[in-house]
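Asker: Residues per chain are reported as follows:
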Amino acid sequence: MSIKLKALLKSPWVFHLCSGSCNNCDIEILDCITPRYDIERFGMLLVGSVRHADVLLCTGIVNKLGESRVKRIYNQTPKPCLVVAVGNCANSQGVFRGSYACGKPLDQVIPVDIYIPGCPPKPEAIILGVVKLIEKIKGKKK
Amino acid sequence: MSHKVTIPIGPYHSLQEEPEFYQLTVDGETVIDIDVRIGYVHRGIEKLAESMSYHKIIFLVERICGICSTSHPIASVQAIEDAGGIEVPDRALYIRTIVAELERLHSHMLWLGLAGHFLGYNTVWMWAWKYREIVCDLFEAITGSRQSYAMMKVGGVQRDIEDEYIPGLIKGMDDTLRALDMFKGAVLDDPVLGARLKGIGILSKEDALSYSALGPTSRASGVDKDVRRDDPYAAYDRVKWNVITQKEGDVFAKAVIRILEMYESVSIIKQCVQKMPKGSIDSNPKEIPPGEGIGHAEAPRGEVFHYIRSDGTNSPARYKVRAPTYMNFPTFKATVIGETISDATIILAAIDPCYCCTERKMTAVNQKTRKRSFTGDDMIKLSQEKTRRLYKRMTGKELR
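Note that the protein sequences, when read in sequence, are chains Z and Y.
According to my numbering, the residues represented by the first sequence are 1 to 142, in order.
According to my numbering, the residues represented by the second sequence are 1 to 400, in order.
Quick caveat, the hints were computed from the structure, so don't treat them as lab data.
One thing to keep in mind: the hints can contain errors.
One-sided and incomplete, this derived list gives chain Z residues near chain Y with beta-carbon spacing under 7 Å [to be verified]:
| no. | residue |
| --- | --- |
| 1 | Gly20 |
| 2 | Tyr74 |
| 3 | Ser99 |
| 4 | Tyr115 |
| 5 | Pro117 |
| 6 | Gly139 |
Every residue, glycine too, gets a C-beta built ideally from N, C-alpha and C.
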């Protein structure tokens with residue numbers, strides 16, 4: 001594990017990238033940082049700019065208009081960065097599969113590290129997903 | 001000397017959870033023009049609906065918007081029931097009302113929290129979302145899911161509210177009432193919030209009418225309009241409640257409307273629980289005959305309108321959705337212009353914009369053949385061709 005990745009895992013800063021979701025996953029992500037779940041106590045912080053981010057939480061189908069922008073946002077993120085696909089739409093385009101507005105699935109546009117299924121996943125599931133991702137990367141070290 | 005500056009906001013930013021692109025033109029501190037570009041969450045739902053059976057459509061329109069994920073299905077099932085002349089059992093109507101009002105509670109609390117966040121009052125945000133969890137828990141108990149409840153069904157509802165959940169529902173409403181009293185005291189009597197919100201982003205009654213504003217946005221400007229009262233659906237005509245209106249039209253009035261509407265919602269839910277009759281929850285319709293149907297519902301943001309045309313098969317020939325934010329968008333022209341940049345954020349947020357409801361695709365229609373000739377890609381091609389033509393005319397050479 002590189003020293004950059006090690007530093008990142010201590011307190012991952014999260015940017016929330018929504019491209020063509022129905023808002024469900026997005027409000028569940030915001031729920032994670034409000035008092036009931038409060039992931040800020042683990043050092044996770046929602047940041048306003050992608051240039052400060054360590055983790056991209058992606059929701060929604062990537063529609064044709066958003067495809068090039070999602071790629072650009074990923075390129076702007078400081079590397080190494082981790083990408084989490086939240087919700088069925090980001091995983092497999094869900095109920096919108098086959099629509100004329102659907103572009104490529106998210107994992108063909110940018111590399112995805114972990115998939116969290118659910119429509120929408122509960123906040124507990126989102127937190128569990130991020131924890132599993134961190135464990136996976138720490139496991140690589142051994 | 002005036003100096004115009006254009007400020008792009010978006011499309012991907014932390015201001016709101018959804019992508020959209022605002023372009024503010026400012027002169028010094030004052031906003032002199034605004035342009036909104038949308039389409040980043042367009043998913044082609046109307047076209048997809050035409051390829052799905054009537055039972056599947058309900059789940060699709062539920063995913064138009066995660067926040068109004070009951071209003072869209074209610075409008076949709078009403079449109080299909082209207083086309084098929086289907087009767088709905090009484091108990092199902094009451095259950096629809098309860099779920100719709102719970103949704104209004106959660107949506108208004110969500111807005112209140114986000115509005116607090118935009119103003120830099122993160123305490124309000126954390127508070128509102130903490131007490132919103134009570135409503136989310138109730139949803140999980142009675143519908144099985146925190147979001148996307150999947151309760152609606154053509155001819156009734158999918159799940160019954162069992163008697164064992166009723167005490168929990170009433171207790172949840174009492175807890176919510178206590179939280180509402182706190183919000184009312186903390187938000188409406190707070191001098192700082194008053195100074196920040198009163199008198200900014202005023203939408204006059206004339207503007208609200210001419211822009212066809214809907215929901216709390218219009219009711220805050222004194223337009224006394226509410227689909228729940230004017231054309232009652234579900235069980236709204238069987239319970240007593242009031243339409244809340246305010247005269248001022250500023251952002252503060254919109255906040256007051258939403259807080260007072262939550263009191264009405266609690267009262268409606270409590271009455272529904274008392275009056276709910278026993279009986280079946282589903283009339284099990286078999287066929288939808290050829291014809292047309294409309295359905296509308298008062299979503300937390302305004303009127304949701306669904307239209308359906310059936311050709312006798314098991315999927316519609318045409319499906320049309322009109323979402324409230326689409327009508328509330330243009331009011332920005334009346335409210336934001338002339339205000340300072342620092343106030344622009346909260347004015348933009350005051351209509352409770354919901355982009356995922358709103359996204360529509362525009363295509364140009366050829367006047368002679370009535371064929372949809374130009375899509376976005378075609379427009380770019382047309383533009384390129386025009387350049388090529390001009391280049392040839394001016395230089396006499398082909399553009400390579």
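Asker: Compare the structure with each hint and give your call.
Answerer: Do the hints match the structure? See the list:
1. Using the Cβ-Cβ criterion of 7 Å, the hint placing Gly20(Z) at the interface with chain Y is satisfied: the shortest such distance is roughly 5 Å.
2. The interface hint given for Tyr74(Z) is broken, as the beta carbon of that residue sits about 11 Å from the closest beta carbon of chain Y, more than 7 Å.
3. Because the smallest distance between the Cβ of Ser99(Z) and any Cβ of chain Y comes to about 4 Å, under 7 Å, the interface hint for this residue holds.
4. Because the closest C-beta pair between Tyr115(Z) and chain Y is about 19 Å apart, greater than 7 Å, the hint is violated.
5. Annotation: Pro117(Z) was flagged as interfacial toward chain Y, and the flag is violated, the nearest CB pair being 14 Å apart, outside 7 Å.
6. Annotation: Gly139(Z) was flagged as interfacial toward chain Y, and the flag is violated, the nearest CB pair being 31 Å apart, outside 7 Å.
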